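**Q** One letter stands for each residue in the lines below.
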Amino acid sequence: MKDAFGAPQSMLVLGGTSEIALATARRLIARRTRTVWLAGRPSPALETAAADLRVLGADVRTVAFDALDPDAHETALGKVFAEGDIDLVLLAFGVLGDQSRDENEPGSAVRVAQTNYTGAVSSGLVCARALQAQGHGSLVVLSSVAGERARRANFIYGSSKAGLDAFAQGLGDALYGTGVHVMVVRPGFVRTRMTTGLPEAPLATTPEAVATAIETGLRRRSETVWVPGALRVVMSALRHVPRAVFRRLPI
Amino acid sequence: MPADTVSVTGWGRTAPTTALLIRPRSYEEAAAAVRECGPRGGIPRGLGRAYGDAAQNAGGAVFDMTGLDRVHAIDADGGTVLCDAGVSLHRLMEVLLPLGWFVPVTPGTRYVTVGGAIGADIHGKNHHVSGSFARHVLSFELLTADGEIRTVSHGTPLFDATAGGMGLTGVILTATVRLQPVATSLMSVDTERATDLDDLMARLTATDHRYRYSVAWIDLLARGASMGRSVLTRGDHAPLEALAERTRARRAPLEFRPGRLPAAPAWMPEGLLGRTTVGLFNELWYRKAPRARSGELQRISTFFHPLDGVPHWNRVYGRGGFVQYQFVVGYGQEDALRRIVHRISQRRCPSFLAVLKRFGEGDPGWLSFPMPGWTLALDIPANLPGLDGFLDELDEEVTAAAGRVYLAKDSRLRPELLSAMYPRLGDFRALREELDPRSVFTSDLSRRLGL
Chain E
1 MKDAFGAPQS MLVLGGTSEI ALATARRLIA RRTRTVWLAG RPSPALETAA ADLRVLGADV
61 RTVAFDALDP DAHETALGKV FAEGDIDLVL LAFGVLGDQS RDENEPGSAV RVAQTNYTGA
121 VSSGLVCARA LQAQGHGSLV VLSSVAGERA RRANFIYGSS KAGLDAFAQG LGDALYGTGV
181 HVMVVRPGFV RTRMTTGLPE APLATTPEAV ATAIETGLRR RSETVWVPGA LRVVMSALRH
241 VPRAVFRRLP I
Chain R
1 MPADTVSVTG WGRTAPTTAL LIRPRSYEEA AAAVRECGPR GGIPRGLGRA YGDAAQNAGG
61 AVFDMTGLDR VHAIDADGGT VLCDAGVSLH RLMEVLLPLG WFVPVTPGTR YVTVGGAIGA
121 DIHGKNHHVS GSFARHVLSF ELLTADGEIR TVSHGTPLFD ATAGGMGLTG VILTATVRLQ
181 PVATSLMSVD TERATDLDDL MARLTATDHR YRYSVAWIDL LARGASMGRS VLTRGDHAPL
241 EALAERTRAR RAPLEFRPGR LPAAPAWMPE GLLGRTTVGL FNELWYRKAP RARSGELQRI
301 STFFHPLDGV PHWNRVYGRG GFVQYQFVVG YGQEDALRRI VHRISQRRCP SFLAVLKRFG
361 EGDPGWLSFP MPGWTLALDI PANLPGLDGF LDELDEEVTA AAGRVYLAKD SRLRPELLSA
421 MYPRLGDFRA LREELDPRSV FTSDLSRRLG L
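Chains as they are written, first to last, in this note's numbering: chain E, 1 to 251; chain R, 1 to 451.
Accuracy of the hints is not assured; some may be wrong.
[To be verified] Computed footprint of chain E on chain R; a stretch qualifies when at least three of its residues, placed anywhere within it, have a C-beta under 8 Å from a C-beta of chain E:
{"hint": "1", "stretch": "11-21"}
{"hint": "2", "stretch": "54-64"}
[Unchecked claim] Taking CB as the label site, the calculated pair distances span:
{"hint": "3", "chain 1": "R", "residue 1": "Leu280", "chain 2": "E", "residue 2": "Ala133", "range": "44 to 52 Å"}
{"hint": "4", "chain 1": "E", "residue 1": "Val241", "chain 2": "R", "residue 2": "Arg343", "range": "36 to 44 Å"}
{"hint": "5", "chain 1": "R", "residue 1": "Asp427", "chain 2": "E", "residue 2": "Arg193", "range": "20 to 28 Å"}
Quick caveat, the hints were computed from the structure, so don't treat them as lab data. On a predicted model such as this, the values are computed, not experimentally measured, just so you know. Note that the Cβ used here is the ideal one computed from N, Cα and C, for glycine as well.
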């Protein structure tokens with residue numbers, strides 16, 4: 001159960017090697033979290049991530065999960081919920097893709113869309129139903145500022161995040177009043193493996209900062225969290241910039 | 001029977017979860033609800049005054065017992081009452097005071113049910129003399145997980161597991177309670193001020209035994225030399241002679257007339273109770289109290305239940321809700337108490353309802369809270385930054401001093417500390433395992449702490 005401050009005792013990470021998710025897990029283990037499920041494709045990286053969290057004193061288990069195999073989501077995640085209540089589901093998987101290659105290879109562009117959007121729709125719905133049955137819990141969805149307005153530089157990734165973001169908002173409204181809380185997290189440029197080698201955008205942030213924002217959002221039962229918070233203002237201005245101007249902006 | 005899916009919280013309004021609220025109107029309906037409540041179980045609920053998650057059950061059932069509220073029999077000579085568990089102490093006072101009887105123990109609110117009073121084994125300002133509520137319960141009827149109704153007498157293991165057992169042994173249906181005789185419905189109250197914590201502890205230690213009821217309001221925002229300054233109010237039921245001749249009170253000495261103000265509005269701005277407002281309130285409250293006054297006549301509602309006059313007062317903390325922290329440390333652990341009070345006052349926690357009192361002998365309930373020693377209760381807005389870590393640190397102090405926190409008020413304790421605080425937790429778990437192997441009786445509290 002979550003305590004009065006929204007600190008979860010158990011969590012399930014979809015995308016168990018995500019740096020943001022692991023930073024969040026470390027932070028929550030320092031508070032109340034004692035049980036962590038890391039769902040991801042079986043790999044040495046997943047086992048290393050689990051071992052690193054075990055050192056902090058949590059009971060960490062891994063479960064095979066592939067965003068690109070939605071037919072298996074029901075079984076894989078059902079197994080986790082059958083073991084006990086999950087107070088927090090962190091939907092953290094996603095791929096950036098390679099914009100210039102993806103524009104030329106529709107097949108690889110579709111993989112980005114299927115991972116980031118279709119995979120999230122399927123696993124998100126499976127988790128939402130399980131959370132609803134237990135009458136409590138939070139579903140935290142890692143969206144992105146890239147989904148807020150499509151940019152020339154990464155519109156394939158951005159459009160998949162836009163779909164995910166809209167899905168998560170709608171799901172949050174659908175679950176309002178059921179005891180389940182859905183929180184959409186929109187980080188800006190985060191310095192991780194995913195963004196290594198890319199030119200850094202203004203207001204760049206770290207996985208630790210995103211983890212802090214998630215913990216605060218859980219405490220406040222927020223519906224939307226921007227990281228850093230200043231992006232909320234920046235994006236609400238950018239949203240209204242005319243297309244003709246927007247496409248020429250150096251962003 | 002009526003049932004709705006609703007969002008449920010405790011009085012502190014933190015951590016809402018959703019459950020099916022079932023309102024049984026007869027013992028048969030209650031038994032049916034227990035038998036049919038599904039894999040996530042159920043938990044009885046009274047008037048929802050437990051601060052934390054004791055009467056919530058996410059995804060399962062919550063049995064609202066307030067529909068079962070008949071007073072069955074009053075023995076006006078022997079001083080006992082047999083009533084349903086859903087009867088409130090308020091109702092009992094209305095019924096019993098005209099007959100010259102009072103409830104044996106009342107907490108700071110009349111709006112608790114008899115079932116809740118047993119389940120939390122509540123205490124009041126008379127604990128140092130009278131012990132907790134269950135000490136005055138002769139027997140009760142308990143609906144257990146198998147759907148059977150058992151009569152449970154004082155002094156049996158099932159009684160001691162249920163007294164303070166937070167509803168996890170079963171649903172109490174009726175109880176027989178021994179009452180306290182009174183000559184009037186007024187209180188004779190002595191008030192004095194204590195200039196700091198040591199002064200307060202000295203006064204309480206020296207003279208508490210002279211009063212049936214005793215409590216100290218303590219200003220936790222005061223720092224330095226006045227740290228722990230407080231107002232002591234102590235007294236007893238006024239005898240008939242204390243009421244002046246030819247007054248309304250003398251003509252109707254047992255009349256019960258609690259006042260009631262308008263309710264707090266449903267929406268309150270956040271941060272209304274910050275350090276400035278609470279600091280001002282505390283300053284005024286301390287200054288307005290007389291340095292010393294004795295024999296003042298007060299109504300029962302004024303002396304015991306000042307907050308009951310404002311329905312939904314818990315809303316003043318805004319949407320974020322509040323956390324109540326109550327702990328006890330034994331006699332001989334005064335240094336731990338001083339350290340904790342010091343830390344709270346250094347931290348500038350805006351608490352305007354902080355109360356210190358002395359407990360008497362402990363009670364036999366396995367998870368009963370009181371033990372001989374000092375107990376401090378305070379409430380704090382839940383959105384105060386860093387409050388979670390701070391209270392964890394206080395828990396460490398309390399545990400190191402062999403003390404404990406009160407489960408009826410808890411919403412955030414670390415489960416690891418529980419067995420140190422409650423040494424009979426093992427017995428409780430074993431009895432529950434035997435009586436209720438499928439954990440039919442489950443609450444958010446029991447899930448969170450692994451009770």
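**Q** Taking each numbered hint in turn, which are not upheld by the structure, reported in ascending numerical order?
**A** 4 and 5
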